[in-house]
Structure formats: structure tokens, C-alpha cells
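The whole structure should be built from the sequences, with the hints applied where relevant.
Listed here are the chains, written in short residue letters.
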Amino acid sequence: MLTTVATLVILGLIWGGVYLLMAEGLNLIYGVMKVVNLAHGDFIVFGGLLALTLFETFGVSPAVSFPIAGLLIFAFGALVQFGVIERIGLGRPDAELRTLLATFGLSYVVANTSFLLWGSQFQSIPFLQGSIQLGTIAIPEALLMCSAIAFAIAIVVHIWLTHTMLGKSVRAVAQSGLGAASCGLDIVWLRILAFALGSAMAGSAGALLIALIPFQTASGSELTVQAFTLIALGGLGNYGGAFLAAELLGLVEVFTQYLYGSNAASALIYLVFIGVLVCRPRGLLGRVGRV
Amino acid sequence: MKQRYGEGLVFAAVLLVGLAIAGFGTGYQAQTLFQMVMMVLLAVGWNVISGFTGYVSFGQVAFFGFGAFAAAVAILNLDVPWYVAMGIAGAAAALVALPLGLIMLRLSGIFFALGMFGLARIFQLTASSIDITGGPMGTTVPGAESPNLTAIVAIGITAVAVAITYAVSRSRLGLTLMATRDDPVAAQAAGVDIWKAKVIAFCISAAFAAVAGALYVWNVGYLDPSSAFAGTIELQSVLMVLAGGIGTVWGPVIGGVLVSLLSTFLWASFPMEQQIVLGVLTMAIAVFAPTGLMGALRQRGWIRRAPIWGPPLAASASPVTTTAVPRDAGGAPVLTCRKLSVRFGGVKAVTEVDLDVRAGEMLAIIGPNGAGKSSLFNLMSNFHRPTGGQVLLDGQPILGIAPFRLARCGIARTFQTSRLFRSMSVWETVLVAAASVAPDRHEAVRATTEILDRIGLLDRWDDPPDLLPPGRQRLLEIGRALALKPRVLLLDEAMAGMTLQEIERVHDALRAAIARGTAVVAIEHVLPAIAPLAARVQVLDFGRTIAEGIPREVLRDPIVVEAYMGAEYDA
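First to last, the sequence lines map onto chains Y and B. The opening position of the first sequence corresponds to residue 1 in my numbering, with each subsequent residue numbered one higher. The opening position of the second sequence corresponds to residue 292 in my numbering, with each subsequent residue numbered one higher.
Where hints are given, some of them may not hold.
[Said to hold, decoys possible] As a list, the in silico SDA-like pairs of lysine to any residue whose alpha-carbon atoms are at most 20 Å apart: (1) 776/B to 711/B; (2) 34/Y to 96/Y; (3) 776/B to 822/B; (4) 487/B to 512/B; (5) 487/B to 278/Y; (6) 168/Y to 178/Y; (7) 630/B to 684/B; (8) 34/Y to 400/B; (9) 34/Y to 398/B.
Please keep in mind that the hints were generated in silico from the structure rather than gathered at the bench.
This is how it looks when you write it as C-alpha cells:
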């Protein structure tokens, strides 16, 4: 009994790393643009299936292919920001609504494209099948590996945001676009960078995720909600909160899955989501965060 | 008037053509028509919540699937005929939407949109676990005998739904929904019960979607969770409304017909790429033509929305009723603040402020930036909750009374920054406030005419507010507040940015209001703007009252001079 609980706790905490990477990209985009990319989950799926193709044709493992998936989605994200979201004109009264509707359409475009390329069946990459024994507790190597990479990416991006000139410029745009522009920053370019980077994080997360759980082209919207739940739980744009939320969600998910099965686990995500939004609309830490 | 007949005639003609095809067409034609009409019904429902109310939902399919399952369960379990099952589905959805709306409508923007998406998934998972409908695999349900019958029924129901939407858009509810969508805070200040309006819209929208779902299951005779809650249905209804024009009556109908035609073509030629095409279209419309076809026509001036309850009465029919109430400056105060305080975190915005204002007098509140003037107003109109002290209206504490109810009971306010309703005309802006206190439509129209006449905007009654110069916009806001027939009028820097002529107008309107016994509390930066009317002035600084008295004396008070100019300044 105790071993089971301990195993579940450890697994949950490790899963948190993957969740964190999934959510962090969305968080960055929301923080800078105050818009939510509803195609985020479809980017994750696309990145994952891309890694699958790389694995099947060249035998590249996800641990190597995640930057490739990330880079490709980075370019696509830049294109979306430049070609779609910049055209809407952020800051106008109907901008939020229009961005939502545009990315809602985009989500179907990306999902349908994945479907045409990869079909609709559940797919996964067999990766590091063994597990590490910690006393009586067994931890799958793949999970440990992917989680470590995910944490590393999230941390690197965080350091980039807080300790480099370019990262600080992105944060300046997040806090006040007008202020940043009047300091001479090219905010259009910075917004494209932020959106592309957020998308790239989604793509990398997908490449890691598909090595852990199988998913299909239609899983995108579910992943979007999952990622959004995390950042809503953590307080939109709040990094510490997102980390806390990711760990919490990892635990909740692992426990529910173990106790009640996977159907209940996916229903729970939505219940948690609605519950959080209604009861704590500002997130767990109770303040509106910044990037 | 002419245009409204036109709308009805075109709609009736389309209905007749539709009924003719449904009645005499081949099975394939009737079936195609049914699909189209069912989607129009869904679009009309989505438009009620997302267009009229502004709460964009990505989970309208939740109620579509709910209706499909409710109808199937009713048919299988209770063995009722299809039309009863449809009624049950619609009623059950409206009933379920009531508590759900009370929860979900606390969210807004992206939160509501995604929350509804989550709700649809929860509904789908729940539906997958119902045994009588075959769990995740689905089941057959006794369906209709002929596609012609389903098409005729679908047309009939959808026509009724469109008629209901039309009626709503022209009613008091439609007026309040528009105000709620444009600016919920200003709507409450205008006496609108935004909760009631939103929840009613949510229930109507849910019922429409559920009936569409019931039609669907009756038509195909088969039901499974993944098709009843399919994302493509959601995408199509969103696109139909966007293409036609969100928030309009006819947009969803026109867009529905167009998108359904496209969708039928896609199914035949590009069944695999359908979502790409529809998705790209949605993106393109959201980016380049967010107001859709109706919006494009309106921009060119080819059509326009007829003003609700317009036009104003002829000038002679609305005699200005000035029942002069004698000044009652010695009587009991109408509005009283006792040791009123509020703090935000560590900031004490208002500290132990006492204030009295009597019927038929004006009290001016002045003070430098950040003195707590606007916070004081938010406390007096219940938009903020005090952390200490209380506000009394006629000796009764106002704590806990919803802002909209307070507005109806007699405390009207304006805002420091202009808060007008973007999509409503000058006429409707005042009408929405007048309608929330008037017993009937006639009285609301009369009161609105009178107010517009008094503030000199009667000749521009049909213009959108953003065509007015800034000073006139402020004047319109004062008119909106006056339409509540307030006993206390709170003016927050109402005269900032006005020309001298406009200030004259405001003074006239205020003199008339004061003469009729209204108590006015006016915040101003610059005292001269209101000094001619104010009987007393109270000066705030750092949230405290530092001086009060008659204007001439207060302005010479060294403490006041210091507050404005700093200590060194020697007056």
C-alpha cells in the first residue's frame, strides 16, 4: 500500500515536468500577447507525430528529435503570428474574440493536416522500455528521461527570459507593449519571437509526450484544455504557479488513473478546470502574474 | 418600417421555397435540405449566447449532444412519439442550462469559451456511460419514415426559432443583452440585471441546440457519443454565424445556408480535407471580416438595424414635465455616508469619510489626483464593498444590494472614463436605462424622448455614440443616468473635456433635475465647472475629508490650497 502510494507520488511529480513544458509555451504566448492559442494542443500533436516519422524513417529517438520538431513548429508559429494574429491588431476591443475564433479555426486546420499525414489511429514511439528500481519502486526510464529534458527546456527558457537582454525585452512587451515600443523595442518582431518560441515548446513537448503515451490526431483540443488548465490554475502568465500546478495535476492525474481508470482521469481534468476557473479565477497563488 | 416588412417577406418566400422542396423534392434533396436547416437552427442557437450576449462558446455541441441523448432516452425508455421527445429534449436542456449558466457565466472570454468546451467533453464522457443508448458504441433509435417529413418539421421548428430570436432582439431583453455585451459595468449602472439577461439567453440557446440534436437523432435513426458531440458540428456552427454576421438576427440564417451548401459540396468532393477548408475560412473571416456578411452590408449602408422601440415621439407629444419640488435643504439627507472606509491591500483609498446630501441640493467633491474621489463613488453605488462604515439611502443601509437594483432604487452614476455602449444608438443608450425603471414600453419611449430633448441630442437620436464629439458623449452618459429618474445622481468628472456650450447644457439639465428634488453629488477636478450650482463643497485628500463648506470659503482655506499646491505655495 505504502509502496503504491509512494510510486504514484513519484510518478506524478515526474509527470509534472512534461505537463510543465506543455503549459509553459502557452503561458509565454498568453503573457506576451494576452491571447490564447487554441491550436496549442494540435501543435503538440503535430510535433509528436513528426518525431514519430523521424523515428520510423531514420530511427532517431525522441531524445534527439525533439529539437527538430521544436524548430519546425517554431517556424510555423512565427508564420501564424506574422500572417494571422498580427493582422487582427492586438489591443482593439474585439481582438480577444477574433484571436480566439482565428486560432479555433487554426486548430482544425492543423488537426486535419496531421490527420491527412498520419491517419487517425493512436500512435506512440517505443523508447527506453526499461525501468529504474528505487528500492521497491519502479520508475520507467522513458518517463524519467523525457521529464528531465522537459524540465531542462522549461528552465533554460526561464533563464533566457530573466537573464538575457532579448528575454527581458520579451518580458517588457508582456508588461506593456506601448511602454516597450516607446523604449525603442521592435514589438512586432518580439511578439513573433514569443509566439514562435511558445509554439516550439509545444512541438518539443509533443515529441517527448508521444514516447510516453500514445495519442491520435484528434487529441489536440484535449491537450489544449489540459495546458490551459495548468496556466489557469497557476495564474495566467505566472511561472512559479504553473510549476506548482503542473506538479499538482501530475499527481491528480496519476492517482485518478490508478484508482478510477483513464476515462475518469480525462473527465477530471475538465472538472478541475471549471472548478478552478469558477472558484479561483486568479489561480492558485491568487495574483495575476507576469512573465 | 419598410425594411422590416421586407425582411419578413424575404424570409417567408425562402420558407415557402424550402417547404416546397421538402414536400415535393426527392429524398436526397429533402435530406440535404434537412441537414442545412438543422445546422441553421444550431447556428441560431449559438448566436443567441455568443452573438447577442457576447459569451463565445466552444461547447455549444454539449447541448446538441444532450438533446440527441435526451430524445433517444425518451423514445427508447418512455416510448413517446418523436415530437414529445423533441419537446422533452428542449425543455430538459433549458432546465439543465439554468444551474450550469449560473456557474459557467461567471467566467468570461477565453475562460467561458474553453470551459464550455470542457463541459461538452464531460457530457460526452457521461453519455458514453449510459447503458440504454449502448454506451460508447451507440444504438439505433426509431427514426422518421421519410426524409420529406423530417425536412418539413425541421423547417417549421427553425422558422419558429428565428421568429423567437427576432422577437428577442426587438424586446427589452434584446436591449439589455446588447448593453451587457458592450459593457457589463455600465449596463449595471443603467439598472440592467445582467445575470438574468445572460442566463435567459443561455437557456434559450441551449434549448435550440437540444432541439437540433433531437431532430438529428430522429432523422438518422442512430446515435453514438462521438458523432453527437463531434467537433465538426461546433466548427460549422461557429463558421456559419461568423460568415453571416455575429450578433445579428439574419446573419446565422444566411451564413447557415451558405456554409451548409459549401459543406455539402465538400462532403461530396473533399471529405478528408473538409476541416481544413472550414478552418481556413473561419480564420480568414476572423481576421479580415469579423462582422461577416451583414456587417459588410451595414458598412456600405445598404442595410441597417432598425432602432429598438424607435423612433422618438413627436416633440408635441412629450411635454416636458417639470413638477417643481420645493427645495428641501433642511430636511433629512437622502444619502449619507458614515465613517466610510475602503482599503485595497495596504492602500487606504478612503478613510472614515462622512457625507450627507439632501434632496434638491448639489454637493461638490473636489480633491487632487488620487484623493479617493472615484473610490468613494464606487462605494456609494455598491460597485465596491466598504471595509468599514456604511452608506445609507433614506436611512437604510445599501450594503448587499446589487448595483443594478441600487440604480433602479434611485442611485444613478456616471463614470470617470466614458463608458458608452459601442453597438447601440444614442436612442437605445438612454432607452436601456429608461426601460429598466419604466412600467411599460410607452412610458420608456416617452421618458427617453424627454431626456434626449433636454440634453439636446434629440436630433441625433439614431446616431452611434462614437460619432458624437467627446463632450456630447459625456452628456449622453448623464442622460442615461437621468433616465433612471434618480433620487441621487453621482457625477464623476462629468464635465471634463467639455466646451463651454456643452457645460451650459449640463448645467441646465442639472438645474432641472435639482429643481425636481434630485440630490446631486459631483466630483470635479476644477471647481469652477460646478461652483455655480453647488451649495456645498467637500474636499478630499489622501482619502480623508480635509475641508467642507460653501465653495467661496473652502477655496480660500489654507489646508485646501496646500493640498493642491503643496506646502510652500503661499496664497
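A quick look at each hint next to the structure:
1. 776/B to 711/B: Within the cut-off at roughly 19 Å; holds.
2. 34/Y to 96/Y: Roughly 8 Å separates the two Cα atoms, so the pair holds.
3. 776/B to 822/B: 24 Å, violated
4. 487/B to 512/B: Roughly 37 Å between the alpha carbons, so the hint for residue 487/B and residue 512/B is violated.
5. 487/B to 278/Y: The hint holds at about 18 Å.
6. 168/Y to 178/Y: 15 Å, holds
7. 630/B to 684/B: With Cα atoms ~15 Å apart, residue 630/B and residue 684/B stay inside 20 Å; holds.
8. 34/Y to 400/B: 11 Å, holds
9. 34/Y to 398/B: Measuring from Cα to Cα gives roughly 16 Å; hence the hint holds.
Going through the hint list in order, the structure does not satisfy hints 3, 4.
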